[in-house]
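S.K.: Be aware that the sequence shown starts at 1, since it is given in the UniProt record's numbering, and climbs by one per residue.
These are computed hints drawn from the structure, not numbers from a lab.
Accuracy of the hints is not assured; some may be wrong.
Stated by the list, open to error - Subject to a maximum C-alpha distance of 16 Å in a straight line, what follows is the list of computed EDC-like cross-link-like pairs (lysine to aspartate or glutamate):
#1 K420 to E345
#2 K731 to E753
#3 K550 to E599
#4 K302 to E345
#5 K320 to D170
#6 K319 to D91
#7 K241 to D256
#8 K564 to E582
#9 K141 to D162
#10 K241 to D390
#11 K730 to E713
#12 K418 to D499
#13 K31 to D73
#14 K432 to E599
#15 K420 to E471
#16 K428 to D399
#17 K428 to D390
#18 K550 to D499
Stated by the list, open to error - Using C-beta positions, here's what the derived DEER-type ranges look like:
#19 N87 to S242: 35 to 45 Å
#20 M511 to D700: 23 to 33 Å
#21 N159 to A412: 27 to 37 Å
#22 R654 to N250: 31 to 41 Å
Positions of the beta carbon are idealized from the N, C-alpha and C atoms, including for glycine.
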Amino acid sequence: MSSKSSSSSKKKTNGVSTPEPAPAKKIKIPKAFIVRPNVLTTFKTVANVYINPEIFTAMELANGNLVHIASNDGGSAGILASVYSSNDIIDKNVVTISFPYRQLGGFLLGDRVEIVKYLNQPQYAKDVSINTATQSMDEIKNALIDVGMVYPGLKLSINNEDITIVGINDGLEASMDKLNIKDDQASLLHTVAPAYLFTPSTTINLTESATTPSRSKYPNLPQLVTYEQVGGLSKQIELLKSTIELPLNNPTLFSDFGISPPRGILLHGPPGTGKTMLLRCVANTITDAHVLTINGPSIVSKYLGETENAIRDIFNEAKKFQPSIIFMDEIDSLVPSRNSDDSGETESRVVAQLLTMMDGMGDTGQIVVVGATNRPNAIDSALRRPGRFDQEVEIGIPDVEAREEILQKLFARMNSEKCKLTKEEITKIAAKTHGYVGADLTALCRESVMKAINRGLTSNIPQNKIKVIEEDVDHALPEIRPSAMREVFLEMPKVYWTDIGGQHELKQKLMEVVQLPLEASESFKNLGVSSPKGVLLYGPPGCSKTLTAKALATESGLNFLAVKGPEIFNKYVGESERTIREIFRKARAASPSIIFFDEIDAIAGDRDGDSTTTAASNVLTSLLNEIDGVEELKGVVIVGATNKPTEIDPALLRPGRLDRHIYVAPPDYEARLQILEKCTRKFNLDKNDVNLATFAELTDGCSGAEVTLLCQEAGLAAIMENKDASSVTKKHFDHALKGISKGITPEMLQYYETFSKKSGLNL
Numbered sequence: 001m002s003s004k005s006s007s008s009s010k011k012k013t014n015g016v017s018t019p020e021p022a023p024a025k026k027i028k029i030p031k032a033f034i035v036r037p038n039v040l041t042t043f044k045t046v047a048n049v050y051i052n053p054e055i056f057t058a059m060e061l062a063n064g065n066l067v068h069i070a071s072n073d074g075g076s077a078g079i080l081a082s083v084y085s086s087n088d089i090i091d092k093n094v095v096t097i098s099f100p101y102r103q104l105g106g107f108l109l110g111d112r113v114e115i116v117k118y119l120n121q122p123q124y125a126k127d128v129s130i131n132t133a134t135q136s137m138d139e140i141k142n143a144l145i146d147v148g149m150v151y152p153g154l155k156l157s158i159n160n161e162d163i164t165i166v167g168i169n170d171g172l173e174a175s176m177d178k179l180n181i182k183d184d185q186a187s188l189l190h191t192v193a194p195a196y197l198f199t200p201s202t203t204i205n206l207t208e209s210a211t212t213p214s215r216s217k218y219p220n221l222p223q224l225v226t227y228e229q230v231g232g233l234s235k236q237i238e239l240l241k242s243t244i245e246l247p248l249n250n251p252t253l254f255s256d257f258g259i260s261p262p263r264g265i266l267l268h269g270p271p272g273t274g275k276t277m278l279l280r281c282v283a284n285t286i287t288d289a290h291v292l293t294i295n296g297p298s299i300v301s302k303y304l305g306e307t308e309n310a311i312r313d314i315f316n317e318a319k320k321f322q323p324s325i326i327f328m329d330e331i332d333s334l335v336p337s338r339n340s341d342d343s344g345e346t347e348s349r350v351v352a353q354l355l356t357m358m359d360g361m362g363d364t365g366q367i368v369v370v371g372a373t374n375r376p377n378a379i380d381s382a383l384r385r386p387g388r389f390d391q392e393v394e395i396g397i398p399d400v401e402a403r404e405e406i407l408q409k410l411f412a413r414m415n416s417e418k419c420k421l422t423k424e425e426i427t428k429i430a431a432k433t434h435g436y437v438g439a440d441l442t443a444l445c446r447e448s449v450m451k452a453i454n455r456g457l458t459s460n461i462p463q464n465k466i467k468v469i470e471e472d473v474d475h476a477l478p479e480i481r482p483s484a485m486r487e488v489f490l491e492m493p494k495v496y497w498t499d500i501g502g503q504h505e506l507k508q509k510l511m512e513v514v515q516l517p518l519e520a521s522e523s524f525k526n527l528g529v530s531s532p533k534g535v536l537l538y539g540p541p542g543c544s545k546t547l548t549a550k551a552l553a554t555e556s557g558l559n560f561l562a563v564k565g566p567e568i569f570n571k572y573v574g575e576s577e578r579t580i581r582e583i584f585r586k587a588r589a590a591s592p593s594i595i596f597f598d599e600i601d602a603i604a605g606d607r608d609g610d611s612t613t614t615a616a617s618n619v620l621t622s623l624l625n626e627i628d629g630v631e632e633l634k635g636v637v638i639v640g641a642t643n644k645p646t647e648i649d650p651a652l653l654r655p656g657r658l659d660r661h662i663y664v665a666p667p668d669y670e671a672r673l674q675i676l677e678k679c680t681r682k683f684n685l686d687k688n689d690v691n692l693a694t695f696a697e698l699t700d701g702c703s704g705a706e707v708t709l710l711c712q713e714a715g716l717a718a719i720m721e722n723k724d725a726s727s728v729t730k731k732h733f734d735h736a737l738k739g740i741s742k743g744i745t746p747e748m749l750q751y752y753e754t755f756s757k758k759s760g761l762n763l
């Protein structure tokens with residue numbers, strides 16, 4: 001039996017038994033290929049891509065076949081190229097692409113792409129437009145014949161000058177029958193721009209008018225972000241260039257000195273300031289670096305050890321394809337502090353793995369890790385030391401000069417015929433947008449365009465005549481709030497100084513304290529003078545302290561946070577203090593800003609008083625530390641209002657905290673007359689019947705609120721007498737005056753006078 005089975009497994013050839021050959025092992029085709037550079041730099045290889053011979057055979061390709069190459073994210077347009085097998089490519093998941101074609105497709109070294117056999121044939125180019133007037137026509141034509149397949153947007157270097165194809169027209173009469181056409185494939189596989197075959201009969205047009213292809217005609221062409229397109233971050237860009245590009249391009253410079261180059265850089269700052277955009281700029285600028293991107297949550301796996309394995313694979317690939325850059329966006333979600341309450345065993349293992357891999361990168365300096373986060377203090381402290389993240393670059397909220405630069409670059413991207421904003425108008429917009437980050441300014445430009453379009457449609461303006469003007473930006477401003485202020489958005493009523501009767505001296509003092517440090521910031525800096533930290537408005541009830549704060553918010557144009565004293569307190573331990581810290585954090589992020597504490601005595605009561613509790617004392621301590629603690633408070637003005645100034649803790653009233661004490665006195669005769677005039681604008685008064693000056697004298701000693709109440713009561717009396725009343729007469733005022741009781745007593749005024757003399761800091 002055994003001899004039978006043995007003979008069956010053998011094949012007889014010339015009387016000699018030989019074993020049957022083992023079946024060929026099936027080659028697994030990679031789902032995605034890693035982009036690597038094509039080392040062949042002749043024009044004849046520009047349109048060629050190369051892959052491993054085994055994969056080439058498994059995909060049933062032949063040398064010169066067309067393939068469609070696109071990013072494996074599924075949504076991007078791709079390019080067509082001729083594919084060839086290369087014995088030099090050992091890795092089965094690598095495709096080498098020339099630099100002009102990588103630039104055309106928007107591919108970075110290290111990107112993952114899909115390769116699909118393309119069964120159609122491109123059209124023949126009839127004429128090609130190129131943006132140069134200096135190069136020889138013959139040299140350009142010979143180069144394009146060697147390239148073979150050309151696109152609008154393709155850039156080539158001829159005699160050290162970059163030329164760009166800005167447009168191509170096809171000659172349908174010259175097209176030959178297409179080979180094995182499948183219409184459904186052409187519709188599914190999009191390209192960044194139509195591909196054309198360049199032949200000796202194709203004509204060339206040289207032009208200087210167009211430098212790039214039309215965006216409207218070729219919308220899928222990638223727009224690579226470069227440093228020149230980023231505004232307001234010149235210092236950060238210089239720092240990035242010195243810490244990333246220098247070690248990658250010149251690794252021997254550091255080894256000559258016997259030191260290791262920087263290994264890691266941490267970009268941190270508020271959301272929307274441009275951290276991720278800077279990462280893209282770095283990737284697009286260093287064209288010979290292998291770029292690997294880790295989006296924090298994307299590599300986290302539910303299976304034990306899978307996340308650590310993914311990190312190891314990324315670092316191993318970076319070592320294999322040096323020079324390389326590893327980008328880690330939202331790094332705080334991947335490696336949170338191991339001391340935090342939210343951190344578990346899984347997070348600790350991931351942190352340990354990243355620490356190990358960063359320490360094991362070697363001293364070549366050919367690998368740089370760049371992290372980005374808006375929560376730097378949430379990252380494990382072991383990462384924030386030299387040898388790991390050596391440099392920390394803060395991408396802060398832009399100042400007025402940076403905002404102006406950002407706005408100029410944003411508006412410059414628009415069609416010049418569609419934007420009619422002058423440099424002076426852009427400067428004015430930059431001055432109004434306190435606390436806005438780059439993302440907010442981008443949203444402002446978008447909303448301005450929407451306003452311009454709506455204005456054009458409602459006014460029946462022809463579409464080609466609609467332009468963005470300053471009025472559109474002004475209308476868009478109230479709808480686009482700074483990111484830092486969105487959580488505390490307040491629909492502030494528009495109150496102007498003219499809405500407050502009298503109080504001219506008070507208005508002038510407030511404008512000096514709040515607006516002068518902004519308008520004369522250079523003088524403050526040159527003289528070494530620090531701007532006032534805070535203002536205390538005190539006075540009898542009803543004398544427009546809160547109304548003054550509202551007018552200050554409207555007139556100054558600063559970001560305004562209103563805090564109602566009692567709302568801060570929370571029954572849970574530590575929550576009230578956290579609320580104070582959060583208020584100041586948002587104010588700093590949206591600086592220059594104003595924090596208005598109404599009834600500030602409720603949260604800043606004297607700690608020596610009998611009624612003070614531990615919770616209230618802790619809140620006050622937090623408030624004192626935030627205003628004038630170890631960390632300096634810049635760009636934030638504190639305005640407090642109270643009618644009980646003596647009950648406020650003295651520590652809050654000292655210089656450096658609430659520096660200025662402004663007494664908001666009861667309105668004088670002139671102020672009362674102005675209040676009466678404002679409140680009776682719609683009363684249709686008969687001047688011969690009602691003399692407002694008389695009532696201004698009769699209300700001597702009344703607060704502004706009581707004078708306003710007089711007008712309200714007079715109007716109510718007129719309506720009660722006649723429901724269809726159209727005017728108010730003297731008898732209605734006389735009736736209302738009888739019901740008004742003065743709330744301000746001489747003892748109260750003496751109380752404020754005593755405090756004024758005691759504090760000695762009044763304006």
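S.K.: All the hints need checking, so say for each whether the structure fits it.
M.R.: These are the hints, each one checked on the structure:
Pair hint K420 plus E345 does not hold up; C-alpha atoms about 58 Å apart against a cutoff of 16 Å. With a CA separation close to 37 Å, the supplied pair K731 and E753 exceeds the 16 Å bound. The straight-line distance between the Cα atoms of K550 and E599 is roughly 14 Å, inside the 16 Å bound, and the hint therefore holds. Restraint check for K302 and E345: the C-alpha separation of about 13 Å stays at or below 16 Å, so the hint holds.
Proposed proximity of K320 and D170 is contradicted: the alpha carbons are some 43 Å apart, above 16 Å. A C-alpha spacing of about 15 Å is found between K319 and D91, which places the hinted pair at or below 16 Å, so the restraint holds. Among the hinted pairs, K241 with D256 is inconsistent with the structure: their alpha-carbon atoms are about 20 Å apart, more than 16 Å. Our distance criterion of 16 Å between C-alpha atoms is met by K564 and E582, whose separation comes to about 15 Å.
About 15 Å separates the Cα atoms of K141 and D162, which keeps this hinted pair within 16 Å; it holds. A hinted pair counts as satisfied when its Cα atoms are at most 16 Å apart, and K241 with D390 qualifies at roughly 15 Å. With a C-alpha separation of about 12 Å, the suggested pair K730 and E713 falls inside the 16 Å cut-off, and the hint holds. A C-alpha spacing of about 39 Å is found between K418 and D499, which places the hinted pair above 16 Å, so the restraint is violated.
Straight-line distance between C-alpha atoms of K31 and D73 comes to about 12 Å, which keeps the hinted pair within the 16 Å bound. For the hint pairing K432 with E599, the CA-to-CA distance comes to about 29 Å; that exceeds 16 Å, so the pair is violated. With a CA separation close to 11 Å, the supplied pair K420 and E471 stays within the 16 Å bound. Restraint check: the Cα-Cα separation between K428 and D399 comes to about 13 Å, which is no more than 16 Å; the hinted pair holds.
Using a Cα cut-off of 16 Å, the hinted pair K428 and D390 is violated, with the two alpha carbons roughly 39 Å apart. Our distance criterion of 16 Å between C-alpha atoms is met by K550 and D499, whose separation comes to about 11 Å. Remark: the range hint 35 to 45 Å for N87 to S242 is upheld by a beta-carbon distance near 41 Å. Between M511 and D700, the C-beta spacing of about 28 Å keeps the proposed range 23 to 33 Å intact.
A hinted range of 27 to 37 Å for the beta carbons of N159 and A412 is consistent with their spacing of about 30 Å. Between R654 and N250, the C-beta spacing of about 55 Å breaks the proposed range 31 to 41 Å.
Hints 1, 2, 5, 7, 12, 14, 17, 22 from the earlier list are contradicted by this structure; the remaining hints agree with it.
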